[in-house]
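For reference, the chains in residue letters:
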Amino acid sequence: MALLEVEGLKAYYGQTQALHGVSFALEPGGITTLLGANGAGKTTTLRSLCGMVRTEGSVRFDGRPISGRATEAIVRLGVGHVPEGRGTFTNLTVDENLRVAAYTRRDKAAAQRDLDMVFEYFPILKARISQQAGTLSGGEQQMLAISRALMLGPRLMLLDEPSFGLAPLIVQEIFRIMRRINAEAKVSMLLVEQNAALALELADHAYVLETGRVVMSGKASVVKSDEAIRKSYLGY
Amino acid sequence: MATTVSSTGTEAGIQNVFAFIRRRWLWLLIAFLALLPIIGGKTGYISNFWFLQLSLMIVYAIAVLGLNLLTGFNGQISLGHGAFFAVGAYTAAILIDQAGWPFWATLPMAAVTCFVAGYLFGLPALRLEGHYLALATFALAVAVPQILKYRHFEGFTNGVQGINIFKADPPFGLPLSSDQWMFLVVLAVAVLMFWIARNLLDSRTGRAMTAIRDHAMAASTMGINVPRYKAVVFGISAIYTGIAGALHAIIFEFVSPDSFRFELSIAILVGAVVGGIASLPGAVIGGVFVQMIEKYADALTKKISAAVHLPLELEPWTIYGIALIVLMYTMPTGIAGGLAALWRRMRRS
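Listed in order, the protein sequences are those of chains V and A.
Using our numbering, read the first sequence as starting at 142 and increasing by one per residue.
Using our numbering, read the second sequence as starting at -7 and increasing by one per residue.
Because the hints were derived from the structure by calculation, they are not lab data.
Be careful, since some hints might not be right.
[What the hints assert, rightly or not] Far from chain A by the CB rule (all over 12 Å, computed), these chain V residues:
1) 156
2) 211
3) 217
4) 222
5) 246
6) 271
7) 321
[Said to hold, decoys possible] Cβ pair distances, simulated, as ranges:
8) A/246 - V/278: 54 to 60 Å
9) V/273 - A/123: 24 to 30 Å
10) A/335 - V/151: 56 to 62 Å
11) V/157 - A/123: 19 to 25 Å
12) A/123 - V/354: 34 to 40 Å
13) A/334 - V/278: 25 to 31 Å
14) A/116 - V/161: 29 to 35 Å
15) V/206 - A/286: 53 to 59 Å
16) V/151 - A/119: 20 to 26 Å
17) A/219 - V/143: 53 to 59 Å
Using N, Cα and C, we set each Cβ at its ideal position, and we do this for glycine too.
This is chain A alone, in the form it adopts within the complex (with noise of 0.2 Å):
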């Protein structure tokens, strides 16, 4: 008698943890990311390459999460965010390099130049929409880069050369390196800008932003300021892809013109649509796999063409064409909604 209840007691205790991990999970997995840099340096296992590594990969997910409330939520296509992206990381070496500011002042800093920046391309955009819209940032995203080597900026933006920064040491002699310490700052950084997302969206404006996408005529009727609203959530969107400019430019420590060119903005769309349109996520997946590709297509290209012997010439960047075909085929709602239809599936069986 004894034996069972006791084992039906350690069962409960189980099935009450199991119950935990799936109501904190998300709590859990961000607990457990803030305490790898003390696993890797207990362990070794983890190199400070993989913190930087990791650091962009959660970088790009702040970008993809901009663009994802300019696009996924409000309805409205940009093909330059990489501009913004810029504008956030030169704010912030400028600040730095020029000025001597502390790395972590530089943030709310690009939030402000971006969203200006955001808010004012956001207005003329309102007379745009659909492919002219995409053509319009399409245009900014080209210009941007010409305009940092632009001569009479140089005395700001050194040209062509760009700038270069220097990590910051970790604050009261913990014992971390420069690479974990800014994986800890970025990490905090976007479960900040997640948690603010999630409660904009769950709010009055972030069901008017929703309601502008799906029917902009009726959400006028709702006595919604359709114009006003599409350019601050433009602003807005420039914050998010802005401020990860910034720690982009602060982890790499290092920005110049050519490391934003309109790649970067095709590389924002990819990861936005790839990881999941309008899904917070699928900004996170998004991220990731911008990182992923940018690091390993090419490398993973020349791998396979050199192991299978093909008969032709594989192009760098074919494995990137190849992935993004597959997956659009199988999960055309993008991974996050491809893993959320597998997880319904399983459920059910």
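Chain V with its partners taken away, still in its complex shape (with noise of 0.2 Å):
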């Protein structure tokens, strides 16, 4: 069974509609990418999976239906978004951050276990840890912000432009680390990417979308490949 089914979403903002019927499953255990340019609908559908816009259409995440809940409902349910822009609470610390992604957690064993798995993906945050998140560089809060979402003890993370604004080795770095969460801690993931040929090097699958619909879609080798998709949707 597919962990997401997404069928006919629809969403808005306000009397814009953004989103017009997009339909597509995540398969468990592997790294999805929805490509597109700007204003295609990228962002718009992981805050329409995450309860954040007004939507219509159905949405499943393991068989249940998600659609219409609120963000912090679908949230507990084992779906970790790291937002668009990285979400620091900027006067907190680095410690506090990671204590308010463990808000949910009954079990502080396993969150204090999870907490030392995100400081072995992510080292540097143990050396940051009583500083002021807002005073980390960009790379360091994008880690932060992942490391956040896994403290929620997420089956499907949602992210959204995780290379947004960083320097070239810093996305590599990253990149490298979520192929690692994606097979050890097995972490099921829907990536958005600006940059597509970084984000097909990491997906197994991909769709691609076009002001709010899904034009394409297949396994990112295939879509990789195909010079025709490439050059008019994917541009480069």
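Could you use the hints to bring the two separately framed chains together as a complex?
This is the structure:
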């Protein structure tokens, strides 16, 4: 059974319709990427999955319908959202940011294990633990955002442009660790990216969005090698 | 030899004393304040007037703390906290005047009333942010005195006349004046309220509050129920300001609608910002500031214009305005932040 099943998803910002019936499915354990130009509806799709915008259509997570639910309820089911712009709690320390993320955890021992795991993936955060999070570099804040989502103990992680505004070397490091998290922590991922070449390296499946619709999909390796798709939709 | 040993011994002793003071300065300060009535009684240096002044400063500190929890730590603005101050004050006054309750029993009741009022106001306020929330709370501040004057509530509120109550005498025949006794009560309540606030802020709940302030959307992706938190924090904030109002009624022995005009709401907000937003010591400084300004700005303005024979007429409150401008210019993060920065600079040099 698919981990996430989206059917005919429409989303609205006030009167403006941003998604016109998006459908896709995510297999458990994989990394899927949503590609497309600015304004194609990538971020809106992630927000819709998390109940942050008004939607119509069906979203099922692990067989359970989640559309129309509050964000925090969806999160508690095991959907970690790494938001656009990282969403750092700037005035809290790194430690406090991570502890906010453990907010829903009842099992303190498991939360502590996850914290150790986070520090193993991102040792720099341990070195910065009592630093105010707003003073971290962009890359470190992105690592913190991913770590916070990990602290929820999610089965699915939604990543909104983790490469945004970061130096290429940092991006490569973060993507390498994301691959490890996917393999070792068994977290499925839905990755939204402007940088299609990078996303297709990491993902095993890809959907291409254009003005609020899925215009094509397929295995990442196929999409990557299809020159027509690349030229018309991905622009490289 | 022996002298050197003993002198280093004394030096170490003095250093220990300093270290102790540095570690425990807060409790030492509280203990000192608690001893003031005895010191004042023995020496006669501190009049009852001064105990009333100190009590009022502490009361405003609690009120400012309430607003600080909401605005400083949760990011919701309020220009209407005078309304909760009034609700707390009237709850205490009515229960003492009409139901004959002892003053201390009215405090929990004021807390409950204000929590309900704050929570209920917080629910619709969820739809408002920034300027709109400021306006809605401002409307509350303007409305409450009118409601208190409303004809059909006169049986409870006594309308524009207000309610007179009488200060309690100290229990067990303690050799204290009632002003000294109330000072101790107010101090004890304040210590308790600040202690609770500190623990609250240092808890899971406090971190969630601050996370919502920093990034509400990201907070919801951490599983935090943002709307419920915002409404509850509104209620908690109202508890603090309401208890301050109740204490004010008790030590001032009088409530009337015109004691709670919207200027009070502004004064509480000014206290929070001038003291230092999102800072507990800042709330104390803000409370002192609110009372001092209320008491002395006007008088000081008159005295200055009389002393230096200014060619122009100084309006009352000129000092207030000047003090605000100077403070905000020199200490943009409030007095607490300014002092902390000064302290750091002194230690470095």
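Verification of the hints:
1. 156: Holds, because the least Cβ-Cβ distance between residue 156 of chain V and chain A comes to about 18 Å, which exceeds 12 Å.
2. 211: The claim breaks: residue 211 of chain V does not keep its Cβ more than 12 Å from every Cβ of chain A (closest is about 7 Å).
3. 217: The claim breaks: residue 217 of chain V does not keep its Cβ more than 12 Å from every Cβ of chain A (closest is about 5 Å).
4. 222: violated (4 Å)
5. 246: It is violated; residue 246 of chain V is separated from chain A by about 9 Å at its closest Cβ, not greater than 12 Å.
6. 271: holds (14 Å)
7. 321: holds (22 Å)
8. A/246 - V/278: 54 to 60 Å: holds (58 Å)
9. V/273 - A/123: 24 to 30 Å: holds (28 Å)
10. A/335 - V/151: 56 to 62 Å: Holds, since residue 335 of chain A and residue 151 of chain V (Cβ atoms, about 57 Å apart) stay within the stated range.
11. V/157 - A/123: 19 to 25 Å: holds (24 Å)
12. A/123 - V/354: 34 to 40 Å: Holds, at about 38 Å.
13. A/334 - V/278: 25 to 31 Å: Holds, at about 30 Å.
14. A/116 - V/161: 29 to 35 Å: 34 Å Cβ-Cβ, so the 29 to 35 Å window holds.
15. V/206 - A/286: 53 to 59 Å: Hint holds: Cβ distance 58 Å, inside 53 to 59 Å.
16. V/151 - A/119: 20 to 26 Å: Because 24 Å falls inside the window, the suggested range holds.
17. A/219 - V/143: 53 to 59 Å: Between residue 219 of chain A and residue 143 of chain V, where Cβ atoms are some 31 Å apart, the hint is violated.
Violated hints for the displayed structure, listed by number in ascending order: 2, 3, 4, 5, 17.
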